[in-house]
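Please put together the full structure from these sequences, using the hints given.
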Amino acid sequence: MNKVQNNRAWFLILPMLLLVAFSAIIPLMTVVNYSVQDVFDPNTRFFTGTEWFVAMLNDPALQSALLRQFAFSFTILAIQVPLGIGIALLMPKQGWRASLVLILVTLPLLIPWNVVGSIWQIFTRGDIGLMGWGLRELGYGYNITRNPVDAWATIILMDVWHWTPLIALLCYSGLRSIPEAYYQAARIDRASRWAVFRYIQLPKLTNVLVIGVLLRFMHSFMIYAEPFVLTGGGPGSSTTFLSQSLAIMAIAQFDVGPSAAFSLIYFLIILLVCWVFYTAIMNLQKDKR
Amino acid sequence: MNPSTDTLTTPDRQADHRTDSEAPKAQVATRAERRNPGASKGRSRLLLGLYLLFILLPIYWLLNMSFQTNSEILGTLSFWPQNFTFDNYAKIFTDPTWYMGYVNSIGYVLMNMLISIAVALPAAYAFSRYRFIGDKHLFFWLLTNLMAPPAVFLLPYFQLYYSVGLFDTHVAVALAHCLFNIPLAVWILEGFMSSVPKEVDETAYIDGYSFPAFFVKIFIPMIRSGIGVTLFFLFMFSWVELLLARTLTATNAQPIASIMTRTSTASGIDWGTLAAAGVLTIIPGIVVVYFVRNHIAKGFALGRT
Amino acid sequence: MSWMVWTLPTAVFFSTIAAMLAGMTAWEVISPSVERKGFLPIATTRGDRLFIGLLSAAYIHLAVIGFTSLSIWLALAVSVAWLLILMRWG
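Protein chains in written order, with my numbering: chain A, 1 to 289; chain X, 290 to 594; chain B, 595 to 684.
Don't take every hint at face value.
Stated by the list, open to error - For lysine to any residue, the following SDA-like pairs were computed, each having C-alpha atoms within a straight-line distance of at most 25 Å:
#1 A:K93 <-> X:K487
#2 X:K487 <-> X:R420
#3 X:K330 <-> A:I178
#4 A:K286 <-> A:G236
As the list claims (entries may be wrong) - Across the chosen pairs, the derived CB separations fall in these ranges:
#5 B:A612 <-> A:L268: 52 to 60 Å
#6 A:T75 <-> X:L335: 22 to 30 Å
#7 X:A407 <-> A:S99: 48 to 56 Å
#8 A:S99 <-> X:N541: 36 to 44 Å
#9 A:S238 <-> X:H426: 39 to 47 Å
#10 X:R513 <-> B:A675: 52 to 60 Å
#11 B:I611 <-> A:F46: 23 to 31 Å
The hints are simulated quantities; they were obtained by calculation from the structure and are not laboratory data.
Predicted model, so just to flag it, every value in this text is computed and none were measured.
Yeah, the Cβ is synthetic: ideal placement off N, Cα and C, and Gly gets one too.
In structure tokens:
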């Protein structure tokens with residue numbers, strides 16, 4: 001669409017800008033202020049300069065949390081994206097069956113995140129959970145509080161359960177926007193199922209998939225409540241991800257300065273990834289035109 | 290997006306074929322379908338069924354447990370409730386400290402939806418119709434807020450809302466959730482608004498509508514479904530968020546999600562009540578998704594397909 | 595405002611950012627920016643280049659203070675030089 005140059009549009013933006021700025025800029029400034037000081041209360045504080053940043057960047061616990069975070073994010077993307085595309089291809093296109101499947105698939109997205117943790121906690125417990133009990137009956141000594149591999153596998157399974165629907169629904173909407181004429185043409189050309197997917201469906205999906213990957217990557221970076229309820233970050237710290245490390249530091253230990261410095265590093269990582277994805281989306285759309 | 294600009298120009302070729310002859314239906318089936326007619330459909334149903342089973346099984350287990358007594362839960366592993374009981378639900382509905390959690394949660398979610406949609410509508414219109422200084426950067430900045438981990442803002446939020454005297458009120462949580470909900474609303478609405486042709490606006494102005502009159506009387510009704518889907522997403526992300534809601538409230542506005550932590554006590558976890566409370570948090574979502582089921586797919590692509 | 599615990603360096607930092615944004619807006623009003631392709635792999639406007647410069651400046655600072663014992667002023671000098679190169683030829 002050709003947009004009109006009009007700087008008065010700023011007046012339409014203004015209310016939104018003020019509200020978001022109140023929620024975003026003031027707290028961000030405060031975080032920056034915290035990060036260069038040792039704060040006991042507003043009147044008792046000492047300027048520390050870059051000390052907290054040095055400490056945080058060299059903290060082995062946080063470095064390993066960051067590595068775990070990346071490992072987790074890439075693992076779930078590698079599972080959820082292909083699975084989501086597959087589900088979208090299987091979903092019925094119309095009729096009451098389509099509505100029913102749509103509602104069922106959306107279900108996990110609408111459950112509060114800590115309840116998702118509780119559901120999986122109940123489901124996987126060795127004594128009362130169907131999955132935990134079942135695996136033990138099959139002879140596997142499943143134990144998420146002792147075995148880090150079990151804990152990891154369970155968290156990944158939980159995240160796949162929770163968030164694959166987002167990718168599936170995005171792809172489903174992308175598929176529905178393909179005109180029926182394309183498929184008819186493919187049938188006349190006797191295109192194989194794979195050729196239909198590769199040359200008709202996949203090009204239509206790239207747009208929504210980039211959005212999906214962006215959202216999933218970012219949300220996996222802020223995962224907090226589910227592992228907190230399910231494993232509490234354990235066993236040891238094997239499932240402690242970035243948000244949880246930060247929340248422990250900020251809330252439980254009340255280390256304002258270090259946690260602020262850590263927040264800023266965390267935020268810069270998010271900002272960079274976000275910018276790369278955003279630029280990619282914008283260039284994709286530009287190429288299409 | 291214009292299909293004809295895509296790399297594949299199959300519709301043209303298809304048109305050619307149609308002029309040749311009307312190909313018999315059996316002949317135009319894809320190769321896979323011809324090899325084993327019917328079997329591929331059955332297999333895809335089976336796979337989809339397995340996935341739905343995977344989604345429903347944990348939820349069924351929660352539901353199953355919510356109808357059992359604690360002694361049954363801990364005593365035997367039963368695949369369906371042996372002594373069917375509503376006690377767990379009765380406990381929640383008779384104890385104000387429990388059911389007020391739902392009221393509080395719904396309260397701040399509704400407030401947040403109202404605030405977000407009210408400021409996002411004009412902003413999304415501006416983004417979809419005009420170019421102005423800094424528009425692209427502003428839009429990117431909005432998106433970064435959508436991506437910002439709430440954990441980063443916990444402490445300053447606590448301080449900020451404490452200092453303006455809003456701590457432990459519904460408004461505080463509603464405003465805090467604006468951080469990610471307003472950008473989300475602008476993003477989705479901008480997609481829907483961009484698909485309304487600009488000629489609509491121009492015709493209305495020629496007909497003598499002022500901007501506010503045009504916006505309320507013509508434009509908003511045109512993107513009704515988009516607004517519905519946006520409201521659904523606002524509901525969803527505000528309803529499921531826990532970290533900020535828990536940090537900004539103490540007793541008066543405590544969300545249900547943080548009341549649920551009370552089920553774990555020194556004497557063990559009250560599994561039955563926990564399960565019942567969990568089931569009750571799923572129901573509002575089902576109700577809301579039912580209303581937007583026909584538009585939801587488009588909404589998930591942010592109106593951009 | 596006392597809970598925001600302002601310090602002089604952070605106040606200077608945010609004032610500089612605000613001044614940059616104001617300056618860029620004024621510059622944009624006087625002579626609108628044209629998107630162009632420099633040595634960066636994508637076509638950019640002035641604002642894009644400023645953002646890229648600031649973001650990389652943040653990473654340069656983190657790298658210098660976190661993993662070397664060099665002075666932070668060196669990081670600042672490198673960042674400013676990099677920002678100017680970006681704005682001119684990026």
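How the hints compare with the structure:
At most 25 Å may separate the alpha-carbon atoms for a hinted pair to count; K93 of chain A and K487 of chain X exceed this at roughly 31 Å. A threshold of 25 Å between alpha carbons decides the hint, and for K487 of chain X with R420 of chain X the separation of about 14 Å falls inside it, so the pair holds. For the proposed pair K330 of chain X and I178 of chain A, the alpha carbon gap of about 20 Å is at most 25 Å, so the pair holds. Simply put, K286 of chain A and G236 of chain A have alpha-carbon atoms about 48 Å apart, too far for the 25 Å limit, and the pair is violated.
For A612 of chain B and L268 of chain A, the Cβ-Cβ distance of about 20 Å falls outside the hinted range of 52 to 60 Å, so the restraint is violated. The hinted range of 22 to 30 Å is satisfied by T75 of chain A and L335 of chain X, whose Cβ atoms lie roughly 27 Å apart. For A407 of chain X and S99 of chain A, the Cβ-Cβ distance of about 30 Å falls outside the hinted range of 48 to 56 Å, so the restraint is violated. At roughly 39 Å, the beta carbons of S99 of chain A and N541 of chain X sit within the given window of 36 to 44 Å.
For S238 of chain A and H426 of chain X, the hinted distance range of 39 to 47 Å is satisfied, since their beta carbons lie about 40 Å from each other. Checked against the hint of 52 to 60 Å, the C-beta distance between R513 of chain X and A675 of chain B comes to roughly 54 Å, which is consistent with it. Checking the proposed 23 to 31 Å range against I611 of chain B and F46 of chain A shows it holds: the Cβ atoms sit about 25 Å from each other.
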